[in-house]
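Trainee: Single-letter residue listing:
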Amino acid sequence: MKPQTEAELAEIIAGANGPLHITGGSTRPIGRTKGAALSTAGLSGVTLYEPGALTIVAKAGTPVTTIEAELAKENQRLAFEPMDHRGLLGTTGEPTIGGVVAANVSGPRRIAVGACRDFALGVRFVDGSGTIIKNGGRVMKNVTGYDLVKLICGSYGTLGVLTEVSLKVLPNVETTGCVLLHGLDDATAIAALSKALGSPFEATGAAHLPNGIDGVSVTMIRIEGFEKSVTYRAEKLRDLLKGFGEATIRIGSEKDWASVRDVSALADQKGDVWRISTKPSDAAALTAVLGATAVQYDWGGGLIWALMPEGADLRAKLGACDGHATLIRGKADTSTFHPEPAPLAAITTGLRAKFDPRGILNPGMMT
Amino acid sequence: MEMPAPDASVLSRKDQIVERLRSVLAADAVISDIAETRAYECDALTAYKCPPLCAVLPANTDEVAAVLKICHDMGVPVVPRGSGTSLAGGALPTADSVILGVAKMNQVIETNYDDRYIRVQTGRTNLSVTGAVETNGFFYAPDPSSQLACAIAGNIAMNSGGAHCLKYGVTTNNLMGLRMVTMDGQIMDIGGAHLDSGGLDLLGLICGSEGQLGVVTEATLRILHKPEGARPVLMGYDSSEVAGQVVTDIIKAGVLPVAIEFMDRPCIEATEAFAKAGYPMCEALLIVEVEGSDDEIDYQLDLIMKIAASHNPVELRQAKDADEAERIWLGRKSAFGAMGQINDYMCLDGTIPVSSLPFVLKRIGEMSKEFGLDVGNVFHAGDGNMHPLILFDANKPGDLELCEEFGAEILKLCVEVGGCLTGEHGVGIEKRDLMNVQFDPQDLEAQMAVKDVFDPAWLLNAAKVFPLETSRSRRAA
Chain A
1 MKPQTEAELA EIIAGANGPL HITGGSTRPI GRTKGAALST AGLSGVTLYE PGALTIVAKA
61 GTPVTTIEAE LAKENQRLAF EPMDHRGLLG TTGEPTIGGV VAANVSGPRR IAVGACRDFA
121 LGVRFVDGSG TIIKNGGRVM KNVTGYDLVK LICGSYGTLG VLTEVSLKVL PNVETTGCVL
181 LHGLDDATAI AALSKALGSP FEATGAAHLP NGIDGVSVTM IRIEGFEKSV TYRAEKLRDL
241 LKGFGEATIR IGSEKDWASV RDVSALADQK GDVWRISTKP SDAAALTAVL GATAVQYDWG
301 GGLIWALMPE GADLRAKLGA CDGHATLIRG KADTSTFHPE PAPLAAITTG LRAKFDPRGI
361 LNPGMMT
Chain B
1001 MEMPAPDASV LSRKDQIVER LRSVLAADAV ISDIAETRAY ECDALTAYKC PPLCAVLPAN
1061 TDEVAAVLKI CHDMGVPVVP RGSGTSLAGG ALPTADSVIL GVAKMNQVIE TNYDDRYIRV
1121 QTGRTNLSVT GAVETNGFFY APDPSSQLAC AIAGNIAMNS GGAHCLKYGV TTNNLMGLRM
1181 VTMDGQIMDI GGAHLDSGGL DLLGLICGSE GQLGVVTEAT LRILHKPEGA RPVLMGYDSS
1241 EVAGQVVTDI IKAGVLPVAI EFMDRPCIEA TEAFAKAGYP MCEALLIVEV EGSDDEIDYQ
1301 LDLIMKIAAS HNPVELRQAK DADEAERIWL GRKSAFGAMG QINDYMCLDG TIPVSSLPFV
1361 LKRIGEMSKE FGLDVGNVFH AGDGNMHPLI LFDANKPGDL ELCEEFGAEI LKLCVEVGGC
1421 LTGEHGVGIE KRDLMNVQFD PQDLEAQMAV KDVFDPAWLL NAAKVFPLET SRSRRAA
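Read top to bottom, the protein sequences are chains A and B.
The C-terminal residue of the first sequence carries number 367 in this note's numbering, and the numbering is unbroken.
The C-terminal residue of the second sequence carries number 1477 in this note's numbering, and the numbering is unbroken.
Derived from the structure by calculation, the hints contain no laboratory data.
There's no promise every hint is true.
Within a straight-line C-alpha distance of at most 30 Å, the following computed DSSO-like cross-link-like pairs (lysine-lysine) qualify [claimed, not checked]: (1) B:1252 / A:228; (2) B:1226 / A:228; (3) A:134 / B:1167; (4) A:255 / B:1276; (5) B:1320 / B:1396; (6) A:255 / B:1252; (7) A:73 / B:1306; (8) B:1104 / A:73; (9) B:1069 / A:236; (10) B:1306 / A:228; (11) A:242 / B:1226; (12) A:134 / B:1252; (13) A:236 / B:1306; (14) A:236 / B:1167; (15) A:2 / A:331; (16) B:1320 / A:236; (17) A:354 / B:1104; (18) A:73 / B:1412; (19) B:1412 / A:134; (20) B:1104 / B:1069; (21) B:1167 / B:1362; (22) A:228 / A:255; (23) B:1369 / B:1167; (24) B:1396 / B:1412; (25) B:1320 / A:228; (26) A:195 / B:1412; (27) A:195 / B:1167; (28) A:228 / B:1167; (29) B:1226 / A:236; (30) B:1369 / B:1412.
A few chain B positions that, by computed beta-carbon distances, are all more than 10 Å from chain A [stated by the list, open to error]: (31) 1002; (32) 1051; (33) 1400.
C-beta: ideal position from N, C-alpha, C; glycine also.
Let's have the full structure, built from the sequences with the hints guiding it.
Mentor: What follows is the structure, encoded as structure tokens:
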């Protein structure tokens, strides 16, 4: 089913007599569910774009590329840098903005400017009873009523099917610079990233690739802005990080970050892919016990991408940690999403029962 | 403003309720004497007052849980309170309610500079969070203008903003985790020292829920290193349309200032008489601040000054040193106090799309004449968060009601042009009955369904946020 209007979508859901599998561009098959396919791809188009107010409103099925092209005309961008999962998950198709919001998809810049959820200003969605609901709006500051925008963002279509999203956008930057350190072990690299992120020099990316490109680890810190400022801050960071070795500076290096964003390092390797969000200073010790085939650190160490042997239960090895692990790719016989402590699980169940009383929207997806 | 009639059965059981609360708290932590409960009869929306049944000041999360459990079991309404600085009546009690104040819980639990967070008890004031980390060069970004007094608990409840949120975001963008107690006394941890949720984003849901879903007792907050420097410029224009265009042009040029503040003529006149900041007398004044090293600031300000100059300003002033920077901010920071010198005022905080600024200011001016009440505008222009200050005389019969009517018309206008009722103060009781203007019944139903999950009996701060008529069946249940 591929409704062309919000009203049509609401009618389909209201009239559904079984589970529905909600999709946007079908590029992020994360989580397991079953049901009749219901696509939002027919709801497409930018409905409002106000560059001077830094806001864009688009229907859920609008391709991300369409939005990026619109923004580029005004030299603006989606600052949370949504990851493109196609390489890592081996999918084809066209990522949609609704899918980005439904999965709260961000990229390396999340560490500095926030996640997709921080840029989501408003939503329209259809709940599991077929009721059309709006929340938030199209202005940057809005505390009118409960923030259901955050609740819906990252709910993977399980509380409602997005029909329209309103996002804050930011100006594009003149120049990107990168400060690189070489040959550091994981713990030392993360200490270096912490030092950079705890400086006044506004790093907008902080990643560590233990295998680098040719087997030598590389630690990357991104700086963005006006050219003069980028050069200045890159030099300051190089000085600040002297204790970690001689850093090299590269000006104009956007491409490296696209591969960090899309976790290209793990894309063509066999195995299960896990995504762990944790406290950065715990990351190296956590990784050490995983027995991973390969890892990539982003967000100053707070985001670990781990390639595990097929079927291995990473969570069992991880143990209790400050954070959570999600199975992004693979067939491990465990839940996709991190189990919640009992009081939170009860609230989650209660919320699902309210928004989707018949349990028909992507059932089982977030378990 | 209507509040629900107090529950007679609760009022008649006051002694038993107080006794049970005393059994779990220190003797001085239960305030039930009628003269003393008056200290909790209102927040910063002083037009409405009602002493609570009693007030409790627990010392830790376990005590909060014990209090809530007792109130839950005995069917007693609870109104959480941070520092009582809400301008929306968020902490206004009813006569049958227990005020649960977190003021005693003000400790720093943990500071971690490597991972850039601080964990505090939520009774701690906003400014003292920065105070705890500034010797290491760090700060907590959200800076509501009441930051000297307001508590983190209230900041989380209202998702408070501030002057610098154009760059740093509001509370929800700087909150990483919290410990909360639900009305039935259950303690739960949400989020932590990591980013984003592994399941539904309950952290984002709770932030801004106005103390209706639980009592937040501890918070993990993101801290940042201070910028190397910051410097403001001041610019004056002959019309708000032109000033509005300057704001748009600056944003479109790709510079992202940390703050863009706007004041109109009535506000400039009032602050000049009060604070003598040396502002030019004009229709619209902008203060734009940027951050970075000296060179970076020079570069950005150069761009901004070029844009400003191209719009024919009546004044363009760049701070040359810290002293001049302070003078530029002086008037803006004393604007509320200055307006208060003239008369009583009501401060609104509707947000509008930046593009509607000139139209909305013009309409407010016209309405001011229709209602016969003066209004000054001072606000965060970069994000469209307005702060119209309507002047009235609290001692003149009917003036408050007239002012509220005027205020409601302004907020309806904000919604009409695509904005919202409140950008950073919260709904509380003040905007409660206007929620139908912004939301359809099913939108409010979805929000109330969330409260049903956290607080099925609707005991926690229940007479706020939703129009009384809309929430009546739930509150009566």
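Trainee: Against this structure, judge whether each hint is valid.
Mentor: Going down the list of hints, with the structure as the test:
With a C-alpha separation of about 20 Å, the suggested pairing of residue 1252 (chain B) with residue 228 (chain A) holds against the 30 Å cut-off. With a C-alpha separation of about 20 Å, the suggested pairing of residue 1226 (chain B) with residue 228 (chain A) holds against the 30 Å cut-off. A hinted pair counts as satisfied when its Cα atoms are at most 30 Å apart, and residue 134 (chain A) with residue 1167 (chain B) qualifies at roughly 26 Å. The hinted pair formed by residue 255 (chain A) and residue 1276 (chain B) fails the criterion: a straight-line CA distance of about 53 Å is larger than 30 Å.
Taken as a hint, the residue 1320 (chain B) and residue 1396 (chain B) pair is broken in the structure, with Cα atoms around 46 Å apart against an allowance of 30 Å. Only pairs whose Cα atoms come within 30 Å are accepted, and residue 255 (chain A) paired with residue 1252 (chain B) is accepted, the gap being roughly 25 Å. For the proposed pair residue 73 (chain A) and residue 1306 (chain B), the alpha carbon gap of about 23 Å is at most 30 Å, so the pair holds. A threshold of 30 Å between alpha carbons decides the hint, and for residue 1104 (chain B) with residue 73 (chain A) the separation of about 53 Å lies outside it, so the pair is violated.
For the suggested pair residue 1069 (chain B) and residue 236 (chain A), the alpha carbons sit about 54 Å apart, so the restraint of at most 30 Å is broken. This hinted pair checks out: residue 1306 (chain B) and residue 228 (chain A) have alpha carbons roughly 18 Å apart, not beyond 30 Å. As the CA atoms of residue 242 (chain A) and residue 1226 (chain B) are separated by approximately 21 Å, the hinted pair is consistent with the 30 Å bound. Using a Cα cut-off of 30 Å, the hinted pair residue 134 (chain A) and residue 1252 (chain B) holds, with the two alpha carbons roughly 28 Å apart.
A distance of roughly 29 Å separates the Cα atoms of residue 236 (chain A) and residue 1306 (chain B); the hinted pair therefore holds under the 30 Å criterion. Note on residue 236 (chain A) and residue 1167 (chain B): the hinted pairing holds, with a Cα-Cα distance of about 22 Å set against a maximum of 30 Å. Annotation: proposed proximity of residue 2 (chain A) to residue 331 (chain A) holds, straight-line Cα distance about 29 Å (limit 30 Å). A C-alpha spacing of about 25 Å is found between residue 1320 (chain B) and residue 236 (chain A), which places the hinted pair at or below 30 Å, so the restraint holds.
A hinted pair counts as satisfied when its Cα atoms are at most 30 Å apart, and residue 354 (chain A) with residue 1104 (chain B) does not qualify at roughly 36 Å. Restraint check for residue 73 (chain A) and residue 1412 (chain B): not satisfied, since their Cα atoms lie roughly 34 Å apart, outside the 30 Å limit. For the hint linking residue 1412 (chain B) to residue 134 (chain A), the alpha-carbon distance of about 18 Å falls within 30 Å, and the restraint holds. Proposed proximity of residue 1104 (chain B) and residue 1069 (chain B) is supported: the alpha carbons are some 19 Å apart, at most 30 Å.
Under the criterion of a C-alpha separation no larger than 30 Å, the hint pairing residue 1167 (chain B) with residue 1362 (chain B) is consistent with the structure, at around 28 Å. Restraint check: the Cα-Cα separation between residue 228 (chain A) and residue 255 (chain A) comes to about 21 Å, which is no more than 30 Å; the hinted pair holds. As the CA atoms of residue 1369 (chain B) and residue 1167 (chain B) are separated by approximately 36 Å, the hinted pair breaks the 30 Å bound. Of the supplied pair hints, the one linking residue 1396 (chain B) and residue 1412 (chain B) holds, its CA atoms being roughly 25 Å apart against a limit of 30 Å.
Straight-line distance between C-alpha atoms of residue 1320 (chain B) and residue 228 (chain A) comes to about 21 Å, which keeps the hinted pair within the 30 Å bound. At roughly 48 Å between alpha-carbon atoms, residue 195 (chain A) and residue 1412 (chain B) are farther apart than 30 Å, so this suggested pair is violated. Taking the CA atoms of residue 195 (chain A) and residue 1167 (chain B), the gap is about 22 Å. The hint holds against a cut of 30 Å. With a CA separation close to 20 Å, the supplied pair residue 228 (chain A) and residue 1167 (chain B) stays within the 30 Å bound.
Taking the CA atoms of residue 1226 (chain B) and residue 236 (chain A), the gap is about 15 Å. The hint holds against a cut of 30 Å. A threshold of 30 Å between alpha carbons decides the hint, and for residue 1369 (chain B) with residue 1412 (chain B) the separation of about 17 Å falls inside it, so the pair holds. Distance to chain A confirms residue 1002 (chain B) as a non-interface residue, since its nearest Cβ pair spans about 19 Å, more than 10 Å. Distance check for residue 1051 (chain B) against chain A: the nearest CB is about 28 Å away, which clears 10 Å, and the non-interface claim stands.
The claim that residue 1400 (chain B) lies off the interface holds: its Cβ sits roughly 23 Å from the closest Cβ of chain A, which is beyond the 10 Å cut-off.
The structure shown violates the earlier hints numbered 4, 5, 8, 9, 17, 18, 23 and 26.
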